[in-house]
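Novice: So the sequence lines, in the order shown, correspond to chains A and B. Be aware that the first sequence starts at 1, since it is given in full-length UniProt numbering, and climbs by one per residue. Be aware that the second sequence starts at 1, since it is given in full-length UniProt numbering, and climbs by one per residue.
Rather than coming from a laboratory, the hints here were simulated on the basis of the structure. Cβ atoms here follow ideal geometry from the backbone N, Cα and C, with glycine treated the same way. Check the hints yourself; a few may be wrong.
To be verified - Simulated coverage check for chain B against chain A, where a stretch passes if three residues somewhere in it have a Cβ under 8 Å from a Cβ of chain A: (1) 750-763; (2) 766-780; (3) 830-839.
As the list claims (entries may be wrong) - Taking lysine to aspartate or glutamate pairs in the EDC-like style, the calculated list, with each CA pair at most 20 Å apart, reads: (4) B:K696 x A:D149; (5) B:K292 x B:D363; (6) B:K281 x B:D334; (7) A:K228 x B:E868; (8) A:K169 x B:D704; (9) B:K292 x B:D251; (10) B:K823 x A:D151; (11) A:K228 x B:D890; (12) B:K397 x B:E857; (13) B:K696 x B:D836; (14) A:K169 x B:E698; (15) B:K827 x A:E311; (16) B:K696 x A:E311; (17) B:K831 x A:E41; (18) A:K164 x B:E791; (19) B:K829 x A:D56; (20) A:K228 x B:D241; (21) B:K285 x B:E356; (22) B:K623 x A:D151; (23) A:K228 x B:D334; (24) A:K95 x A:E41; (25) A:K228 x B:E889; (26) B:K696 x A:E41; (27) B:K696 x A:D151; (28) A:K164 x B:D334; (29) B:K25 x B:D71; (30) B:K831 x A:E224; (31) A:K249 x A:E168; (32) B:K696 x A:E219; (33) B:K397 x B:D363; (34) B:K460 x B:D429; (35) A:K21 x A:E41; (36) B:K831 x A:E206; (37) B:K831 x B:D890; (38) B:K782 x B:E868.
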Amino acid sequence: MNKNHRVPSNRTLNAVEVKSKFGAEFRRFSLDRSKPGRFDEFYGLLQHVHRIPNVDLLVGYADVHGDLLPINNDDNYHKAISMAAPLLRLFLQRKEEADYSAFGTDTVTRKKTPAALAAVLLRPDANKKKPPIIISLPKDFRPVSSIIDVDILPETHRRVRLYKHGQEKPLGFYIRDGSSVRVTPQGLEKVPGIFISRMVPGGLAESTGLLAVNDEVLEVNGIEVSGKSLDQVTDMMIANSHNLIITVKPANQRNNVVRSSGGGSSGRSSDSSTSFYGYSTPGSMAMTPSHIIQNYEPDEESEEEEDLVIEADRGAKLIPQAGARATASTSMPTLPRYEPHLDLRPSNGTMSTRSLNAHDMGLEGRNLEEEGTVITL
Amino acid sequence: MKRFRRHGHESQKDKHKQDLYQFNKTVEHGFPHQPSALGFSPSLDLLAIGTRSGAIKLYGSPGVEFMGLHDENAAVTQVHFLPNQVDMVTLLDDNSLHMWTLQAHNGMSELLEIGRFTLSGPPGAPPSVTRVTAVLAHSSGELLLLGTEGGHVFVVEVPGFRELEENNISVENVQNRIPEDYVGRRNLECVEALHENPLNPRQVLIGYSRGLMVLWDLDRQRPIQHFLGTQQLESVWWMEDGVNILSSHSDGSYCQWTVTGEDPQTEPEKQETPYGAFPCKAISKIIQLPSKQGPPFLIFSGGMPRASYGDRHCISVIHSKNHEALDFTSRIIDFFVIREGENHKGEPSALVVLVEEELVVVDLQSEGWPVIQTPYLVPLHCSAITCSHHVSSIPLKLWERVQAAGALQNTHYSKKPWPIIGGQNLAPDPPQRDLLLTGHEDGTVRFWDASGICLYPMYKLSTAGVFLTDADPNDNMNQGSEGEWPPFRKVGCFDPYSDDPRLGIQKIHLCKYSGYLTVAGTAGQILIMELNDEAAEQTVEATVVDLLQGQEGFRWKGQARLDVREEPVLFPPGFQPFALVQCQPPAVVTAIALHSEWKLVAFGTSHGFGFYDYHQKNNIMVKCTLNPSDQVALEGPLSRVKSIKKSLRQSFRRIRRSRVSMRKHHTANAAKLQEINARLEAEALQEMELAPVQRKIEARSSDDSFTGLVRTLYFADTFVSDSSHSTPSLWAGTNGGAVFAYVLRVPSLERRAEDPVVAHAAKEIQLMHRAPVVGLVVLDGKGAPLPEPLEVAHDLARSPEMHGSHHLLVVSEEQFKLFTLPKVSSKSKLKLTAVDGSRVRRVGVAWFGSKTDEQLESGLVVLTNQGELHVISLPSIKMMVHYPCIRREDVSGIASCVFTKYGQGFYLMSPSEFERFSLSTRWVVEPHCLVEAPLQMRLKNPSSPVHRDQLDGVPTEHRNFKRESEGYGVLQEIQKSLEGDQTTFLENNLKTKPKGNMLSNGD
């Protein structure tokens, strides 16, 4: 997943300067970049330097883009260390009073000063409405939509990814047959096409603001729809509904993404609009789109939801991937609370990303035990 | 280098694919949909049927069949073989004529279209002038006479289609000589009939619609005699003596006229209305043939008393004291009579009738005129087909027993062999015995011999006897009471009316080793049957199984359960039911599985599934799969609310359909119709723009209707709970993407009667993509599908590999997923819908092998909703090949598809026809036949210039002969001179060296 991620290789400094903030207190120390050690050692070190040995902490750091990202496993810890340039700014929170909504990119991206970042952290309620429901863990944050592949698509096209996962919200749009005009060597030609015909108010598609009525659908999950019937395209979209990527030609071309001339030089695609929902749906918060979703691979196994297997005597479990790939370097471990139900396999010291729906699965498992029927998602 | 190597690998793979797979549509079984024309060649002994969709099919002796399709999508209205040739002319609805020929190629005949032609009238003439209504293929094989709507007769030379304008017979030529006072003088109307003098080919009879008939001399191009009929003419028949002519009329009468030479003849010799007194319907065709045994056979269609029997489709056969009105269940298209003897001039032996839904052949030589069973063209749809099931390689023993049971049912058929025996069937004998079982709406199961090219009916099983239905079984017997007039006799087996729709068969499973058969029907009934060679009287034990298991808030509003006859029922030899399971609620049975080794039957409906021990006759287990919120499934199909959108869509379809049928029926004013169509289409388009067809994009949810519907059931001996011991198990897949597994404990053979079969739930898999599970297969340690029950016991399959891990293959409508067993973990998968938008409709396991290699490879054969066939390798689940097969609009065709175990398949291309296809290189069943030209033609082998010479300057012999015949000499004399003429004709041709082969198209 991190194939485009570049580890700075020309650094001469071997030490990483760490500035750790807990409440109003700062601690400064340094770490060896080449030998960062493991996360639990690091965690212990933090508790030690702040003298808070019995406090459960949420560890966050500000990355190069100013995003507040969590550190909670070896992978993201190593990443944080390797990305520190040269200062690694840490923000510690008590787990019980943590404000998870601070994580992510949305509010923090544009305010890159540590002060602003700190302000968000310290006064979580200052400039935003608190969600009506109980805020869940940072790992439960997940993107609901994004524009991807801006660097490789023509400016007139837009590739939108909708993350349906297990949430209640309907995808909420309709498609229809239509015709569009194409420029061909023979001149203008009318060709049949598939268009968005209607948006369901309050649906996922509408709430993203990235799709609109009369947008022409060009691709579904990387596969061109030209030559396919409306029913075929419908079936393709439904089959991909858990992770739908639609390439459209927006009817309104005025809101197109304007590519920044400097932004593309780093080789990473810019996520111009990524909105997050701050309530309890499982997902990996570490999936910050600016790092993960680069040019999309259609058959990205790690995005799949897993089938649910219920053994008659053991309750529910997720189906482990028989030939699991240990690609999920940025994921976080599942909470211990759910582990008895999940039977997850740690791989290379990392939990598999297959914990995506762990929360729901766990619930489902219990329902099963209670009622004896499968309550599906 | 690397790339090169990979390329080599690819090409090797490709070669492997080519060795194993090839796609062919091979034969069409059954009866052509919407036949519209019939033709017969006595010299070739071939039958031709044209259809409304422009297809032309030829049949000879069993196995000899040819199929052609006109490019124009127009109905075939007439088919005429050129006498004594291998050519055939078809007339289409669009007024085009087509020449077909049977060309031998590598020892195999092919049906080819070699020419087409449309009459061109004089400039400025109305289209009716050239609209062909009657065709006469002249016995010389060189001329076509085309009668038209305008009353003209055009003469065309064949096979090149050259108009011989100077020979045309115009209305004016005919009209000149008609007496002033004749009623039909002003308007003769169209040419209704053209008939050649059976003794003198230079004389033709032209029958006009208004009743006038004219005897025309082709050589001198002038009329010989006028017959001034006054009734609307339907058909004419020139009797074999050459002297008498029969004409049939629209008022249900027929007349006999004599060729006297007195011109004009104003009154017929004899006029008769066979079913007379009250007004009768038209006699559309009449023929009379001499018989050595007494008076001639008179055969005519129609003529029924209008008021009382106007709706009957009848052909009357009268021979001395025997008079029968053969009563058909569908419209009569055409008929002909086969005659015995060398020149097909002998005794009438069989009457062949083409009706809209079947072909009926009546044996005219046996007492009581019994029907001869047809070896092909059997109406599959005599009751609508509701499901089908194919069983490959039937053991000989079972085959013979089924055959014997079937033979007992066919005693009412004639013992005479099939009379149409043209061509040679050169196809090799089928390598194995295959059965195709079709389930029908009326509760019957028909067994067909599907081994070869002819789908031959073997045995018919009726399940209706088990139940009490509204219909009285004696209803149909009350026909043909003494002294009834007309003397009706029901013939044919097409009977589309079902007594009780609940009897319909939905699922069939036959175990070929044990002879056990399970059939399941529309009202939740599952019958378990056993093959018995003796008739037996027995009571069928019924077990009602509640699939709801105390589900609350349930109200079934669908059909009621079938009532079972409580008294013992006499079952004829064959498959006899001995156990019955009735699901409650009585919803359609959607899946069954039979395991004859364990003696278990599993069944499923939209409410759940269960399985039944037919050895101990008790139900073992029930599982309700119903989602409590699924109202549609809960209440049954009757309460389904029709959405406005749906009804709108339906009305659109109806409009379209009516437009299509309109187009089919009246092509006369095609131009006007086209205009209307265009307008309608524009209107429809406009409406479309107002309310476009939309599709909702939404992830499937568990609340969708029918998620609990059981789609597939599967018995397997595999590792369900631990990896060291395999156990019997039952697997079920639902519409909602759930798979349930049960471990079974089947008692040992000795204790089978006493110890109970025990089942306990072992696993549940919920597929996250929620697509309906349509297939479940367990693959053994070597990746091959488990064999069928008893297959190993009968030494017909190697035992499954029990070492190494087994795998479960779950086929959903969208994906193929392989799971390890016993620990269910996903191993690999193949996504179909996400990639190309098609969905799995039909799936089967098949074995493929190359022509040379004995080794067989297993694979999955899949038909998608796009009508594409895929072969998917096992156990690697990779797409190997795919071929387009069925139009995606043909939903019922796709739904009807059934696969064989060796890579062939069948689907209904129309309600009455199975198309057979093959995906295998090794197993292909296709016609391979040869039709040789009749002797006369081979002698002639004409070349076109000779013909022209003859036609332009008619040989003197002909002239002489004509004069002679004009003198109305004694019959014998005529015959003698005719024979003489024919020999000279032949000699004439032999003398002129043929300059080339047959005339081909465009010449």
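Novice: State for each hint whether it applies.
Specialist: Quick rundown of the hints versus the structure:
no.	hint	result
1	750-763	holds (count 4)
2	766-780	holds (count 6)
3	830-839	holds (count 8)
4	B:K696 x A:D149	violated, 26 Å
5	B:K292 x B:D363	holds, 16 Å
6	B:K281 x B:D334	holds, 16 Å
7	A:K228 x B:E868	holds, 14 Å
8	A:K169 x B:D704	holds, 16 Å
9	B:K292 x B:D251	violated, 31 Å
10	B:K823 x A:D151	violated, 44 Å
11	A:K228 x B:D890	holds, 17 Å
12	B:K397 x B:E857	violated, 28 Å
13	B:K696 x B:D836	holds, 18 Å
14	A:K169 x B:E698	holds, 10 Å
15	B:K827 x A:E311	holds, 18 Å
16	B:K696 x A:E311	violated, 35 Å
17	B:K831 x A:E41	violated, 43 Å
18	A:K164 x B:E791	violated, 47 Å
19	B:K829 x A:D56	violated, 42 Å
20	A:K228 x B:D241	violated, 66 Å
21	B:K285 x B:E356	holds, 16 Å
22	B:K623 x A:D151	violated, 54 Å
23	A:K228 x B:D334	violated, 45 Å
24	A:K95 x A:E41	holds, 18 Å
25	A:K228 x B:E889	holds, 14 Å
26	B:K696 x A:E41	violated, 52 Å
27	B:K696 x A:D151	violated, 31 Å
28	A:K164 x B:D334	violated, 63 Å
29	B:K25 x B:D71	holds, 18 Å
30	B:K831 x A:E224	holds, 16 Å
31	A:K249 x A:E168	violated, 28 Å
32	B:K696 x A:E219	holds, 17 Å
33	B:K397 x B:D363	violated, 32 Å
34	B:K460 x B:D429	violated, 25 Å
35	A:K21 x A:E41	holds, 18 Å
36	B:K831 x A:E206	violated, 28 Å
37	B:K831 x B:D890	violated, 24 Å
38	B:K782 x B:E868	violated, 29 Å
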